[in-house]
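Fit chain D to the given chain A structure using the hints.
Okay, here's what each chain looks like letter by letter:
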Amino acid sequence: KAGVTQTPRYLIKTRGQQVTLSCSPISGHRSVSWYQQTPGQGLQFLFEYFSETQRNKGNFPGRFSGRQFSNSRSEMNVSTLELGDSALYLCASSLTGQESNEQFFGPGTRLTVL
Amino acid sequence: AQRVTQPEKLLSVFKGAPVELKCNYSYSGSPELFWYVQYSRQRLQLLLRHISRESIKGFTADLNKGETSFHLKKPFAQEEDSAMYYCALANAGKSTFGDGTTLTVKP
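Chains as they are written, first to last, in this note's numbering: chain A, 1 to 114; chain D, 1001 to 1107.
Chain A on its own, in the form it takes in the complex (with noise of 0.2 Å):
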């Protein structure tokens, strides 16, 4: 069974763009769950996905947004990148979501912003 993907692994974007991360899950598991991980702060939540609708959120602002799509794969977006949004973006997906389930880690995209 191949693992969870993201695609771009590297993105290099400078202030005030924006940007679009896309992540393919395990076929057959419905949810997914977007990270932050950065040195400072560990591994941020996000927010998770399920059946195409966002079913929780973590505490980061209003320019970070995503996107699920009939088929499970997610999509995040970042607009009006500030330097602080320089971190790795990890996506996980799992069976349901339920508490229970293994989140299966994809190997993350790289976001500099300059």
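Just so you know, these hints were derived from the structure itself, not from any lab. Just so you know, these numbers come straight off a predicted model, no measurement behind them. No residue lacks a Cβ here, since even glycine has one placed at the ideal position from N, Cα and C. Misleading hints may appear alongside valid ones.
To be verified - 25 Å max Cα-Cα, derived SDA-like pairs, lysine to any residue: (1) D:LYS1094 - A:THR20; (2) D:LYS1094 - A:ARG73; (3) A:LYS57 - D:ALA1092; (4) D:LYS1094 - A:GLY3; (5) D:LYS1009 - A:ARG55; (6) D:LYS1022 - A:GLU102; (7) A:LYS57 - D:SER1026; (8) D:LYS1022 - A:GLN37; (9) D:LYS1009 - A:ASN59; (10) A:LYS57 - D:ASN1024; (11) A:LYS57 - D:GLY1093; (12) D:LYS1015 - D:GLN1042; (13) D:LYS1009 - A:ARG110; (14) D:LYS1009 - A:GLY58; (15) D:LYS1094 - A:ARG55; (16) D:LYS1094 - A:GLY40; (17) D:LYS1094 - A:ILE12; (18) D:LYS1022 - D:ARG1041; (19) D:LYS1009 - A:PRO107; (20) A:LYS57 - D:SER1030; (21) D:LYS1094 - A:THR96; (22) D:LYS1094 - A:THR53; (23) D:LYS1094 - A:THR38; (24) D:LYS1009 - A:LEU88; (25) D:LYS1094 - A:GLN44.
What the hints assert, rightly or not - Partial list, derived from the structure: chain A residues whose beta carbon lies under 10 Å from chain D: (26) SER31; (27) GLN37; (28) GLY42; (29) PHE45; (30) PHE50; (31) GLY58; (32) ALA92; (33) ASN101; (34) GLY106; (35) GLY108.
To be verified - To be clear about the criterion: a stretch of chain D counts as covered by chain A if any three or more of its residues have a C-beta under 8 Å from a C-beta of chain A, and this derived list gives those stretches: (36) 1043-1049; (37) 1096-1107.
Positioned in the frame of chain A, the structure of chain D alone reads:
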């Protein structure tokens, strides 16, 4: 609000020594707790979850509700255990991770 604390950023032990990675949580309900591990140049992956009550790669973790802890233990550390370890709490579809502990096992 749920919170996970891993008090040690770095932990270094010698091969064959016991190792304990600490994790404390704050949550008023009955949480689901996990340990995830990230080996060098690999993606984050599940190590074990408390509901399974299993031992993976010699690691065990016991949920202590009285102390709100979920410490990860291994009696004899191996060099291949060197990695970043994250404790995580899941509730209502939302996962909260600790800041992680980097374990180094020296030969």
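Evaluation of the provided hints:
1. Between the alpha carbons of LYS1094 of chain D and THR20 of chain A the distance comes to roughly 22 Å, so the proposed pair stays at or under 25 Å and holds.
2. At most 25 Å may separate the alpha-carbon atoms for a hinted pair to count; LYS1094 of chain D and ARG73 of chain A meet this at roughly 19 Å.
3. About 11 Å separates the Cα atoms of LYS57 of chain A and ALA1092 of chain D, which keeps this hinted pair within 25 Å; it holds.
4. For the hint linking LYS1094 of chain D to GLY3 of chain A, the alpha-carbon distance of about 21 Å falls within 25 Å, and the restraint holds.
5. For a cut-off of 25 Å, the pair hint linking LYS1009 of chain D to ARG55 of chain A is broken: about 32 Å separates their Cα positions.
6. A C-alpha spacing of about 21 Å is found between LYS1022 of chain D and GLU102 of chain A, which places the hinted pair at or below 25 Å, so the restraint holds.
7. With a C-alpha separation of about 19 Å, the suggested pair LYS57 of chain A and SER1026 of chain D falls inside the 25 Å cut-off, and the hint holds.
8. Distance check on the hinted pair: LYS1022 of chain D and GLN37 of chain A sit about 21 Å apart at the alpha-carbon level, within 25 Å; holds.
9. Of the supplied pair hints, the one linking LYS1009 of chain D and ASN59 of chain A holds, its CA atoms being roughly 24 Å apart against a limit of 25 Å.
10. Of the pairs offered as hints, the one joining LYS57 of chain A and ASN1024 of chain D holds, with about 23 Å between alpha carbons and a cut-off of 25 Å not exceeded.
11. As the CA atoms of LYS57 of chain A and GLY1093 of chain D are separated by approximately 10 Å, the hinted pair is consistent with the 25 Å bound.
12. Proposed proximity of LYS1015 of chain D and GLN1042 of chain D is supported: the alpha carbons are some 22 Å apart, at most 25 Å.
13. The suggested pairing of LYS1009 of chain D with ARG110 of chain A holds, with an alpha-carbon distance near 22 Å, which does not exceed 25 Å.
14. Taking the CA atoms of LYS1009 of chain D and GLY58 of chain A, the gap is near 24 Å; set against the 25 Å cutoff, the hint holds.
15. Straight-line distance between C-alpha atoms of LYS1094 of chain D and ARG55 of chain A comes to about 9 Å, which keeps the hinted pair within the 25 Å bound.
16. Using a Cα cut-off of 25 Å, the hinted pair LYS1094 of chain D and GLY40 of chain A holds, with the two alpha carbons roughly 21 Å apart.
17. A hinted pair counts as satisfied when its Cα atoms are at most 25 Å apart, and LYS1094 of chain D with ILE12 of chain A does not qualify at roughly 29 Å.
18. At most 25 Å may separate the alpha-carbon atoms for a hinted pair to count; LYS1022 of chain D and ARG1041 of chain D meet this at roughly 24 Å.
19. For the hint pairing LYS1009 of chain D with PRO107 of chain A, the CA-to-CA distance comes to about 22 Å; that is within 25 Å, so the pair holds.
20. Only pairs whose Cα atoms come within 25 Å are accepted, and LYS57 of chain A paired with SER1030 of chain D is accepted, the gap being roughly 20 Å.
21. Taking the CA atoms of LYS1094 of chain D and THR96 of chain A, the gap is about 12 Å. The hint holds against a cut of 25 Å.
22. A threshold of 25 Å between alpha carbons decides the hint, and for LYS1094 of chain D with THR53 of chain A the separation of about 14 Å falls inside it, so the pair holds.
23. Between LYS1094 of chain D and THR38 of chain A, the direct Cα distance comes to roughly 19 Å. Compliance with the 25 Å bound is thereby established for this hinted pair.
24. This hinted pair checks out: LYS1009 of chain D and LEU88 of chain A have alpha carbons roughly 19 Å apart, not beyond 25 Å.
25. Annotation: proposed proximity of LYS1094 of chain D to GLN44 of chain A holds, straight-line Cα distance about 11 Å (limit 25 Å).
26. For SER31 of chain A, the interface hint holds, the least distance from its beta-carbon to any beta-carbon of chain D being 7 Å, beneath 10 Å.
27. Below 10 Å, beta-carbon pairs count as interface contacts, and GLN37 of chain A has one with chain D at about 9 Å; its hint therefore holds.
28. Residue-level restraint check for GLY42 of chain A holds (minimum Cβ-Cβ distance to chain D is 4 Å; threshold 10 Å).
29. The interface hint given for PHE45 of chain A is met, as the beta carbon of that residue sits about 6 Å from the closest beta carbon of chain D, less than 10 Å.
30. For PHE50 of chain A, the suggested interface contact is upheld, since its CB lies about 7 Å from the closest CB of chain D, less than 10 Å.
31. Restraint check, GLY58 of chain A versus chain D: the minimum CB separation of about 7 Å is within 10 Å; hint holds.
32. Hint status for ALA92 of chain A: holds, given a least beta-carbon distance of 8 Å to chain D, under 10 Å.
33. The restraint placing ASN101 of chain A at the interface with chain D holds, with a minimum CB-CB distance near 8 Å, inside the 10 Å limit.
34. Given the 10 Å rule on beta carbons, the hint for GLY106 of chain A holds: about 7 Å separates it from the nearest Cβ of chain D.
35. For GLY108 of chain A, the interface hint holds, the least distance from its beta-carbon to any beta-carbon of chain D being 7 Å, beneath 10 Å.
36. Residue count for the stretch 1043-1049 of chain D with a Cβ under 8 Å from a Cβ of chain A: 5. That meets the three needed, and the coverage hint holds.
37. Counting residues of the stretch 1096-1107 of chain D whose CB lies closer than 8 Å to any CB of chain A gives 5, which reaches the minimum of 3, so the coverage claim holds.
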